[in-house]
Amino acid sequence: MNFNRKFTHVVGEEEVAFDVTYNPETHFFTVYESGLSMPYLLKFDMSTRTWSTAEGPEPKISADDLAVLVQQHFGRSV
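Numbering (our numbering), first residue to last: 1 to 78.
Everything labelled a hint here was simulated from the structure, so no lab data went into it. The C-beta atom is built at its ideal place from N, Cα and C for all residues, glycine as well. Be a bit skeptical, because a hint or two may be false.
[To be verified] List of simulated lysine-lysine pairs, DSSO-like, C-alpha gap at most 27 Å:
hint, residue 1, residue 2
1, Lys43, Lys60
2, Lys43, Lys6
3, Lys60, Lys6
[Unchecked claim] Pairwise CB distance ranges (calculated):
hint, residue 1, residue 2, range
4, Glu13, Gly75, 14 to 20 Å
5, Ser62, Thr26, 29 to 35 Å
6, Val10, Asp45, 25 to 31 Å
7, Thr8, Leu41, 16 to 22 Å
Let the hints inform the model, and build the full structure from the sequences given.
Written out as structure tokens, the structure reads:
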């Protein structure tokens, strides 16, 4: 199974490239976003059913919007 997806998305007037890897042990996604110097995590909290980002720079789009894109490209939804 491939745990990595690369895709682009237009944010405002800028095309942003995303390189996302799923970690089956933690169930988090590591996100490399063009224009940012380091990756960040995209996490889903099962108890509150909310998406958030952590451990890195602020993404250019909301965690909820990023989660929709990630789920579309991985072919899964929560």
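Query raised in the report: Given the hint that Lys60 pairs with Lys6, does the C-alpha gap stay at or below 27 Å?
Result: Given pair Lys60, Lys6 holds - Cα atoms ~16 Å apart, limit 27 Å.
Query - Beta-carbon spacing of Glu13 to Gly75 - inside the hinted bounds 14 to 20 Å or not - result: This hint is violated: roughly 29 Å between Cβ atoms.
Query raised in the report: Has the hinted range 29 to 35 Å been met by the Cβ atoms of Ser62 and Thr26?
Result: 21 Å, violated
**Report entry** Agreement of Lys43 and Lys60 with the hint, judged by alpha carbon distance not exceeding 27 Å
**Finding:** At roughly 16 Å apart (the allowed maximum being 27 Å), Lys60 and Lys43 satisfy the hint.
Query raised in the report: Is the hinted range of 25 to 31 Å satisfied by the C-beta distance from Val10 to Asp45?
Result: 28 Å, holds
Query raised in the report: Between Thr8 and Leu41, does the C-beta distance stay in 16 to 22 Å?
Result: 20 Å, holds
Query raised in the report: Is Lys43 within 27 Å of Lys6, Cα to Cα?
Result: OK: Lys43 and Lys6 at ~18 Å, within 27 Å.
Hint compliance for this structure: hints 4, 5 are not met, and every other hint is.
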